[in-house]
Amino acid sequence: MVDDTFQSPYVPNTNVDRRRMLNAIGIDSVEDLFTDIPARHLNPVLDLPPAASELELMEYANQLASMNKAPGDYACFLGAGSYRHYIPAVVRQITGRSEYMTAYTPYQPEVSQGTLQTAYEFQTLICQLTGIEVANLGMYDGASSMAEAALMATRITKRDRIAVLDTVSPRYREVLDTYLQAPGLTVTTVSPNEVVLDEDTACLIVQQPNFYGYFEEVDTLSKMAHDNDTLLVVSVDPISLGMFKPPGEYGADIVVGEGQGLGVPPSFGGPYVGLFGCKQEYIRQMPGRIVGKTVDTEGCTAYVLTLQTREQHIRRERATSNICTSVALIALMSTVYMASLGKQGLRQVAELCYHKAHYAASLIDRIPGYYLPMSGTFFQEFVVQCPLPPSEINKRLLDHGIIGGLDISDQVPNGMLVCVSELNSRNEIEGLASALTKIGARP
Amino acid sequence: MKSLSERLNEDRRRLLMERSVPGRIGTTLPPLDVPEANLPDDHLLREKLEMPEVSEGELVRYFSQISQFNFSIDHNFYPLGSCTMKYNPKLNDELASLQGFTQIHPLQPEATVQGALKMLWELQESLATIMGMPGVSLAPMAGADGELAGMLMARAYHLERGDTRRKNVLIPDSAHGTNPASAAMAGFDVVQLASDSNGDTDLNALRAAADDKLAGLMITLPSTLGLFDTNIEEVIRIVRDAGGIIYGDGANLNAIVGRVKLGDLGFDVIHSNLHKTFTQPHGGGGPGSGPVIAGPRLVDYLPAPVASRTCDSYDTESFTLSRPLKSIGPLGAFHGNFGALARAYAYIRTLGSQGIPLISIDAVINANYILSQLRGHYDLPYDRTCMHEVVFSASTLKRSYGVSALDVSKRLIDYGIHPPTMYFPLIVDEALMIEPTETESKETLDYFIEVMKTIAKEAEDDPDLLHEAPHYTPNRRVDEAQAARRPELRWRQ
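Chains as they are written, first to last, in the working numbering: chain H, 15 to 457; chain S, 1161 to 1653.
Simulated from the structure, these hints should not be mistaken for lab results. Keep in mind it's a predicted model, so treat the numbers as computed, not measured. Hints may contain errors.
Below, computed lysine to any residue pairings styled on SDA-like, alpha-carbon distance capped at 20 Å [what the hints assert, rightly or not]:
id, chain 1, residue 1, chain 2, residue 2
1, H, K293, H, E147
2, S, K1421, H, D46
3, S, K1602, H, P23
4, S, K1602, H, P26
5, H, K293, S, P1647
6, S, K1373, H, P197
7, S, K1208, H, E147
8, H, K409, S, S1478
9, S, K1486, H, R187
10, H, K409, S, T1480
11, S, K1486, H, G198
12, S, K1602, H, N29
13, S, K1250, H, E73
14, S, K1486, S, S1468
15, S, K1421, H, T49
16, S, K1250, H, Y24
17, S, K1421, H, D61
18, S, K1613, S, E1628
19, S, K1250, H, S22
20, H, K237, H, T202
Using the sequences and the hints, build the whole thing.
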């Protein structure tokens, strides 16, 4: 028998309540309720630590947290798919409301208009930011969004080959491979200068700016794709769209990307929000949750989950995707962020990142031994070829209170992917340059 | 002439773009502190950016006002079957919000995030102990993601054995829609498996389907009928003997967590919904988290990454993330939903070895209490001891008074209670699936029982009252058909 002397703060039942209910049910012992479970497997030994009080647990958690070197305490120049931007206080305030946080999926629209109307706002703002015609409520993250976009393109075109530019994030490429291993689709990597498409190519996947931070010639790529009846899938950095031309304006058929930069802290990788939008004509092939506007029995405006016949709870094995989640809370953070920054702020953030990144690049380029191997327009990330292995440089940068860029020496010799955002002050940028100089002078 | 409440409502319905006035700003940014670089060529830049222009106060008031249109666990009882809408402890949010957790970047050198990695490892160990299975990956970002992982792992297992004929996955007719959808995404053909009149797996149907084309079985335990399959050991033996993999959908773990280990029963791989059993907030639809836990047969195929611990010769521990030998690969760009994992970790530590086994006791008592009190008022398709949830049917109400499960559900709203799960599982007509969870008091259950009895009476006395419910929400019944017929999915000028 289990220890019924333990009282959890989350369980109101006391033994008195249990006894009353067992009597009402008409049984003597609670074990009578578990007779369907094979007796020899019942009540196993659980090798777990004993229950911790809130005080003890927070003490321990604080210890764990302080073992981490957090950006903020350290200057940080890491990007590569997860970005640090300033999050206005209003984002946490609003999304921390329990009406949003502890609400359920809005299957019952009459008691979910808060969730549904804010979700409609998210769809609207993502469409406006990316220039795409319709958007869903979000997928798990940018990588899985991209994979789902590839699957969607094969459903629409009935072709079975995916072309991916080799400048797309290697991590995203790995996720694409995970999703595509079963359906028997082939993935071909193409270089931006040598794009080869054939009559089996369902889509061409482009990341803009690319993994290295630089802009692709998307007008050319778009034309190439459409001349071949291949769909153009573009993965965006939404913050860059405060300044740069959105994919809806250069012919993207499907837009995906990581929404985390819009109001979500790095959070050691999740939860994030995968953006997903497409042209109107493809809506019924789009995965994920979608909110639509309608009316109620009295003609009043209302919002509701719609086009659900695409989804798993109705179509089961013939659904557009198995996804059930809508990452609503993270999408809400992005919505509040976009509304707070607004028309002016979003442009300003992009410009701050742009100018600061270019300042950092110009300083680093002048350091003996350091060199920028890639040319062209970049947004907030760029590649540096270093005089030493980046892993070694990063170790030493920590002593200077700096978390350095991503070690990409497996792709570029001694390559480091450096990211600069509006959170990096001039001091921090010059501090990075100065530290790199010192480290470079003493290999 | 519009009523006052209509006008109030209309005001709250104005969208951000309708509240925008040129020049308003919601936040400020510091000025540029470095020299300006040359701007890129015009053809790369956007000409126009349509975004809201509202002040901070307006934004707060708007989002605060419409938040009141929501039900939520903190405000309402949610007896949603198979969703486990239990209370979300505030400590979990506090712990997950520590700066040392929220600010760290997923690609930082591992030496700089040992605290986070240690927490992930400890969570893996806890889940492994609870489920009685050795391998855990915290990477899947939702239950369905965990299902996809499990199905891809089963596929990899068979492929490695050259078993290319194994294309069929058996799935009970009572299964959640994500099960067949996930199996299909993993390249399998779905074969539906019948339940018998007792609500258990039909053993004859199972034996007939257990041939050399059998890749595996996906089963929810207890089932979506809230019943623990009395033949589960035989079911597992049949599938195993036929060479198939046994996948467990952990959505209903609240009924058995800590009381029986799925590994002991013979499951090969399962997923757990942290937003159900382990109190991660539902957030209005997500994010979720669906760690996958594997037995010896499938442990090498777990999705990347998996946390591991090593000890050096000085007994100093260190933690790292790695990709299992024959991993199916990563499901997302990074390491899973760390924010959610931290919350589940906090919950498991708070309950500990004493508290975890008690969850199912109270979950099951509460559900059986409701069963005993509503028997006779609603149809009970399977009149046997239920687990953490009970399935009723409104069939008789429908036949006698034209009152459906939908009508009953919408009327519950008028009493401040969120509807239960309706019309699921598919094998029960006019289904109402009720799961109280262990975090509800007897007083709340008694209120719910009283309300349900009242509604059954209202069905007889005044069916129109129920057809037109809900009566007091900002919106009356919503026209879902119109939304699909004429999709309007964004604001336009």
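Against the structure, the hints:
no.	hint	in the structure
1	H:K293 / H:E147	5 Å, holds
2	S:K1421 / H:D46	19 Å, holds
3	S:K1602 / H:P23	15 Å, holds
4	S:K1602 / H:P26	8 Å, holds
5	H:K293 / S:P1647	13 Å, holds
6	S:K1373 / H:P197	18 Å, holds
7	S:K1208 / H:E147	16 Å, holds
8	H:K409 / S:S1478	17 Å, holds
9	S:K1486 / H:R187	18 Å, holds
10	H:K409 / S:T1480	17 Å, holds
11	S:K1486 / H:G198	19 Å, holds
12	S:K1602 / H:N29	12 Å, holds
13	S:K1250 / H:E73	16 Å, holds
14	S:K1486 / S:S1468	16 Å, holds
15	S:K1421 / H:T49	15 Å, holds
16	S:K1250 / H:Y24	11 Å, holds
17	S:K1421 / H:D61	12 Å, holds
18	S:K1613 / S:E1628	19 Å, holds
19	S:K1250 / H:S22	14 Å, holds
20	H:K237 / H:T202	19 Å, holds
Figure legend: structure checked against the earlier numbered hints; every hint is met.
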